[in-house]
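Number of protein chains: 2
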Amino acid sequence: MSRITPLSGFPEFLPSQRAAELAVIDSLRETFELHGFASLETRAVEPMEQLLSKGETSKEVYVLRRLQETQGDTDTGLGLHFDLTVPLARYVLENAGKLEFPLRRYAIQRCWRGERPQEGRYREFTQADIDIIGRDELSFDADVEVTEVMAAALSRLPLPAVTLQINNRKLIEGFYTGLGAQDPATVIRVVDKLDKVGPDGVRVQLRTEAGLDDAQVDLCLALAQITGTDVSFAGEVRALGVSHPLLDEGLRDLVRAIAAAAPFATERFRVVADLRIARGLDYYTGTVFEGRMKTHGDIAICAGGRYDALASDGRITYPGVGISLGVTRVLAPLIGRGLLDGSRSVPSAVLVALPTEEDRPRAREVARALRERGIATEVAPIAAKFGRQIRHADRRGIPYVWFPGGPGRADSVKDIRSGEQVDADPDAWRPPTADLRPQIVTKETHP
Amino acid sequence: MSRITPLSGFPEFLPSQRAAELAVIDSLRETFELHGFASLETRAVEPMEQLLSKGETSKEVYVLRRLQETQGDTDTGLGLHFDLTVPLARYVLENAGKLEFPLRRYAIQRCWRGERPQEGRYREFTQADIDIIGRDELSFDADVEVTEVMAAALSRLPLPAVTLQINNRKLIEGFYTGLGAQDPATVIRVVDKLDKVGPDGVRVQLRTEAGLDDAQVDLCLALAQITGTDVSFAGEVRALGVSHPLLDEGLRDLVRAIAAAAPFATERFRVVADLRIARGLDYYTGTVFEGRMKTHGDIAICAGGRYDALASDGRITYPGVGISLGVTRVLAPLIGRGLLDGSRSVPSAVLVALPTEEDRPRAREVARALRERGIATEVAPIAAKFGRQIRHADRRGIPYVWFPGGPGRADSVKDIRSGEQVDADPDAWRPPTADLRPQIVTKETHP
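Chain order of the listed sequences is A and B.
Remember, this note's numbering sits 674 above the position in the first sequence when you count from 1.
Remember, this note's numbering sits 674 above the position in the second sequence when you count from 1.
It should be emphasised that the hints constitute simulated quantities derived from the structure, not laboratory data.
Small disclaimer: the values here were computed from a predicted structure and weren't measured.
There's no promise every hint is true.
Note that the list lumps identical chains together, so a pair holds whenever it fits in one copy or between two copies.
[As the list claims (entries may be wrong)] Heads up, simulated BS3-like pairs for lysine-lysine below, C-alpha to C-alpha not over 25 Å straight-line: (1) Lys772 <-> Lys1059; (2) Lys867 <-> Lys772; (3) Lys772 <-> Lys1117; (4) Lys968 <-> Lys772.
This is chain A alone, in the form it adopts within the complex (with noise of 0.2 Å):
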């Protein structure tokens, strides 16, 4: 065996840190699936044309090559994906005949980003997407649920404070066309850089590249400046006093959606309208989230949106809209950090103790009896002195020991936490829900 040394980029796990990332992703897919999701996995590769076809995370790609391969070029012409919506829009168009729509579903996979090794940067990570796809239409109901959803998804789980911020791509545009600009895409691509070169930056190129006026340049920053967590926000769109049909439908969209989302917001978890967020270059083409949690800073967790045409065969257009949250980005560094963790290291509720070797087929009668009743039992490897074999289950976070009886004397249960010890039926006990299943523990109370 050579030498070994973990791979910077390729986030793993150890055994309770797993518990953690498998239950935060099984609630996930809890909440997708009671919204009647429907799991849908890809292929982890697409052919290249299809990865560089779209939009500007692209370039960063692994491109597959046989190893045995010596004839010609080496390459597949294969990538792995480094998202799951390019992957989806092949995938609708590949098999639409046999589709119901609208389709709504679910992933939860590992893409990849060929990036150079760089601390911080993810090489391989798991995303959690919803889509709702349509065929030829796809009403504006489907943003609202997929803000319903993924709102429902994060509010339930015991994760730093999250902010989905929404916007509205035709709200921007129509009330930048509105004020008169005459290229409202270039406005868009400037304001977005609001973060990066601030106001002041943002005013310069409004004037220099957009063509803008002062009192337009002041507009624009003005609407960027709004925010809101109810739909009071209108109001203040409003009194900047420009009129445009488009503008109209957009505050009118984002309006239902913030309305929507708000029965789930709570100190942890805020739904915002944000009059600033864009995207950037994607191709959204009304509603478009993003998502930024409070942790080491303030991190882009999920983003999504709204495409008017996610996929197309010429004939028939397949509009969508979706979510996507970065799971590896928001686990990864709050596990690293020790603030997020599993309850314990293995499944197992209980350790079935053996008193001698000879005692192992009653010990496995008692296991098979519990696991009977959905209750995750391990027995002991070796008879070891009951003092090691409690430490075995205390080192695993493992709360239960049973003791087996023997001629006269009945079973018993000791909860290691507390010492305290029952005589029990391996038919009937039970230990409380929050025993059964490694439990995700946080390590700081968020506020």
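Since chain A is already given, all that's left is putting chain B on it; use the hints.
Just chain B, lined up with the frame of chain A:
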């Protein structure tokens, strides 16, 4: 969007097919976890020197190249893993100080083989592995346990008949040594070709390559013919009159493994001692497994065994035993032939119908109430005629359509399979358990 063609060797499923795959994976996972096996996932890539350090399969690897790398060698030195054992060995060495041994883990992950496109060959596939890894030592109970767990996992699934063949390398090595073979490894290699070259071919090679005489060859072929579903096979081995301490040890171990798996045996899931199985050139040192399924032919669907040194850092050795199930190998042909499918294409058990668009808020409330009690529910996308909404449910296999009532009229729910419709309260109604999730549907009654 460029032309779309399926990629041979990269199977993808339609929604109802994926529901069946997911139900199988969930069932496997549940069995593994009930037995205290912890999920551990490794990254998809390994350094090429790791991938090339093991076995014969290592030749067909996809090597990764960064698309944007322009300086010098564009290879990253990384390849996609072709199994889950090589990554596990690396993971154990990398994290040994932080792991508790014996380590019981499962992994259900994709693997890749850089093969030429070819009918029936998977280039991307899902494996489900269970392993127990010790530190310096690992009791034979671990071999018994992985047999038991894989037997439990497979016997509860509605799959075609499976036979898990078990043998023991010590048994055959001790037998060949005991009968006087100078080079038992060569005998193992030759006997392993029995299926390929037949008894006469093996007979010739045992004489020429292993230097055995006719009596010795007869004994080898007699041993290879022994099989048995219970421990009586041991008597047949003894009756051949060969003796050796290693044979005794291997025979005792194999008897234990067969006896442990016996309670799981059914018509559709057999566990068989098969003294011919050797698992070729792999580094197994004790128990060896080979699982076969009677489907389109008789295909190998799982494999595994005991390594006395799964991993070693020079000071400490980590023995391991594991079995790997080819999830894609089992499911893709069955699904492709329509013999296995999901009962519906969505998780939803209920579609809430929309009498009018104005009823959407009420419909959403009904959906929320049902979801809160774990019933996957979706709301109809538009307030079309009820007939069309019922067809929407029918085409997806959703069994129930919910009709919100109105002033003085109760809600009602209709089982669209039977047509039966009853008044219902969203806070109390519950479908039969079998309707809660998509079920696995088999199109053939397996014997």
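How the hints compare with the structure:
1. In this homomeric assembly, Lys772 and Lys1059 come within 25 Å of each other (Cα to Cα) only across copies, at 24 Å, whereas the closest approach inside a single copy is 61 Å.
2. For a Cα distance limit of 25 Å, the shortest separation of Lys867 from Lys772 qualifies neither inside one copy, at 42 Å, nor across copies, at 44 Å.
3. Proximity of Lys772 and Lys1117 under a CA criterion of 25 Å is satisfied inter-copy only: 19 Å between copies versus 47 Å inside one chain copy.
4. For the homomeric pair Lys968 and Lys772, neither the shortest alpha-carbon distance inside one copy (42 Å) nor that between copies (29 Å) is at most 25 Å.
In summary, the numbered hints that this structure violates are 2, 4.
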